[in-house]
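Student: Generate the whole structure from the sequences, applying the supplied hints.
Residue numbers (my numbering), protein chains in the order written: chain A, 85 to 569; chain B, 5 to 124; chain C, 32 to 133.
No lab work stands behind these hints: they were computed from the structure. All of these numbers come straight from a predicted model, not from anything done at the bench. Be careful, since some hints might not be right.
[What the hints assert, rightly or not] Here are the in silico distance ranges between beta carbons for each label pair:
| id | chain 1 | residue 1 | chain 2 | residue 2 | range |
| --- | --- | --- | --- | --- | --- |
| 1 | A | 279 | B | 124 | 46 to 56 angstroms |
| 2 | A | 152 | C | 55 | 47 to 57 angstroms |
| 3 | A | 153 | B | 115 | 35 to 45 angstroms |
| 4 | A | 551 | C | 45 | 34 to 44 angstroms |
| 5 | C | 58 | A | 565 | 53 to 63 angstroms |
| 6 | B | 5 | A | 99 | 42 to 52 angstroms |
| 7 | A | 137 | C | 57 | 44 to 54 angstroms |
By construction, the Cβ of each residue, glycine as well, lies at the ideal position given by its N, Cα and C atoms.
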Amino acid sequence: MLSFFIIIIYLATGFLIPLIGLLKRKNSYIMALLASSIALIITIIAIPNVLFQGTIVKYMSGWPAPFGITLAVDSFNMIFISLATITNLMIVIYSKSRIKTWEVEYYSLLMLLFTGILGILHTGDLFNMYVFFEIMAISSYALVSFHKNKNALECAIKYLILGTFTSSFLLVGIALIYGITGTLTIANIAIIIASKKAIAVPIAFGLIFAGFAFKSSIAPFHYLKSDISQASMPQISAILASIVSMTAIYAILRLYFIIFNQIFIFNYILIVLGLLSMIIGSLMALKQKDILRMLGYSSIAQLGFVVLGFGMGAFVRQAYNAAIFHAINTVFIELLLFLTAGVLILKHNTSSLKELAGTGNKNKFLSIGFFVGAIANAGIPLTNGFASKWLLYTASLQINPIITLIAIFTSVITLAYSLKAYVVLFMSNTDTKKTILDKPTIIIITILISVCVALGIFYTAGLDISDISARSLLNRAQYIKEVLA
Amino acid sequence: MIKMISYTISFILMTLGIYTVLAKENLIKKIIGLTIFTNGIHLFLIALGYFQTTQTKIAPILTTLNTPIAETFANPLPQALVLTSIVIDLSITALAAALIIQIHKKFKTVSAKKLNRLKG
Amino acid sequence: MILNYTQYDSGIIALIFFTIIAILYHATKTKKFTGEKTTMYACGETVDSKDIDLAKNETYNTIINTLKLDLLSDAHSGKLDEYLFLVCTAAFIIIIILVLTW
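Tutor: Structure follows, in structure tokens:
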């Protein structure tokens, strides 16, 4: 399996950077850039393998299926793996000129965070998923408190206590599943659990859902998301809002569709929680006076759309395509918004809207970036947000028109606060100097703008990719057959 | 009988751990509560491997002195899971301790009620 | 493999690239900041920019007071104990719903 080497590269780099970087500090950036580029090249080579072969399975150290740890990659995995490697390369290039002290610790923690993310995306074993989940979580606790100012320290200790609390719920759920079935491979559990009628099965699923839902900020578990976005660096908030949330949603869906397929009430629960996230996220963002907090609440609302799509898919088959397409779009939109606002925030060392008023007046390029991100967030045509949201609206009309009404209301409120942020940052009447952008930042923002516009105009490409992934997500029998063969 | 005692004690430990995290105000007491909670889960996991049949189990070590019968060995897989989980909990406690020391330097307090700068 | 690529598509791609490059070129030429405000048009009248100004904090006060968003904002108070209690309650309710319909 070719993409397994990405995990090895990130893990090895995460441990080699402190060794080599202590001699000369600049080497840490060069090593991180090298590792991210090699990982992206490996991902691009590995994509056609997965498309032609279906599911690729690797048994670690040769132990066959029910006895050892298996890694299983199919088309549903491959989208999130490629999104994770692209995000890693962009964040490493973006942080070059903005992290001036403690680079060694920063880049090694970043590599370990992405080791955790890619480990969850590859694995086919339940406890292995828990171990990589904890690697990702501990790296993110350390990265949130990186600059050690008062806000960051307070937010990191709250994040640590809440995160460990819910991860322990996840461990109780895994222990219950092990007690019922006696095995830890996901495909093997799926065969055994079909014949057991124990009451512990829905309890275990509820606990596992609570464990993953805190990291992905679904509605009643969304509490610290905006505080974390306010207190940490803009690029770390971008990672936590985009790819970490998508990884947690991936983990819930993989476990639901393979193991717990007979619990049908979960689709209704997903629809209700999705609607709740959309309402709470967009309405709370109207009152905020701080740009990073507003973007944090906005990301909760976008994730509500994704969760709503996956809930509606049991009734309307096209909603799965719409949800996966909206997941891809959300990653790019959140990256664009956070990185563009982050340039101004890191230059002026504040994030409240009153002090940042008009600081982007002379930067026309940043204003184009933020504008495209804002209208893509709201779902205006010619951007990628419109294509996926339109599919969600038409799918929800076939179920209940109230869902469409709430979704359109959320999009309107999103447009309201996004435009308010744009006007305050880029059109206020103050006299400011132009922020000089260096070349790597210009390249990254250009790539993000062109991806957003291109996926909006050539939306059929995105829909074809989502269709291939949705087909392999729902194909439970082939996953079990390939892993246990 | 011993099976019921083990499971009951592990559930009591989990409940006491959750109560400590929720009700106590000092940050250090909350971290201790998290450790009690995870130790309750570890006891639950090991007890799953010991009580599958009514026979009493012995430690799963193969020697040349006895012929191994599979039903008398305790299940070694949950013990491996618990070892991994103890290491994870150790690293979380170390990170939490470092954060609490820095909080005490900047805020001069370790009470969770007074850490309320971010709101809304 | 993914698109049926015809010659009209090349024209559309060329047009899009030309538009993007033209916008970027015009946008990166810096203009002088004159400092005078223009009047706003609102359905037949012109509105003074003191009344409707997106940059003030009181812009959306009508929506906030109608929907009583201050109550919702009090639920996100920032205290760790309340957040822990609400997460525990939410997990408990979801488990009860899943068990009752098993």
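Student: Would you mind marking each hint as holding or not holding in the structure?
Tutor: To see whether the hints hold, each was checked on the structure:
1. A:279 - B:124: 46 to 56 angstroms: holds (50 angstroms)
2. A:152 - C:55: 47 to 57 angstroms: With Cβ atoms ~54 angstroms apart, the hint holds.
3. A:153 - B:115: 35 to 45 angstroms: Taking Cβ atoms as reference, residue 153 of chain A and residue 115 of chain B lie about 43 angstroms apart, which means the hint holds.
4. A:551 - C:45: 34 to 44 angstroms: Violated, since residue 551 of chain A and residue 45 of chain C (Cβ atoms, about 29 angstroms apart) do not stay within the stated range.
5. C:58 - A:565: 53 to 63 angstroms: holds (55 angstroms)
6. B:5 - A:99: 42 to 52 angstroms: Holds, since residue 5 of chain B and residue 99 of chain A (Cβ atoms, about 49 angstroms apart) stay within the stated range.
7. A:137 - C:57: 44 to 54 angstroms: holds (48 angstroms)
Checked against the numbered hints above, the structure violates only hint 4.
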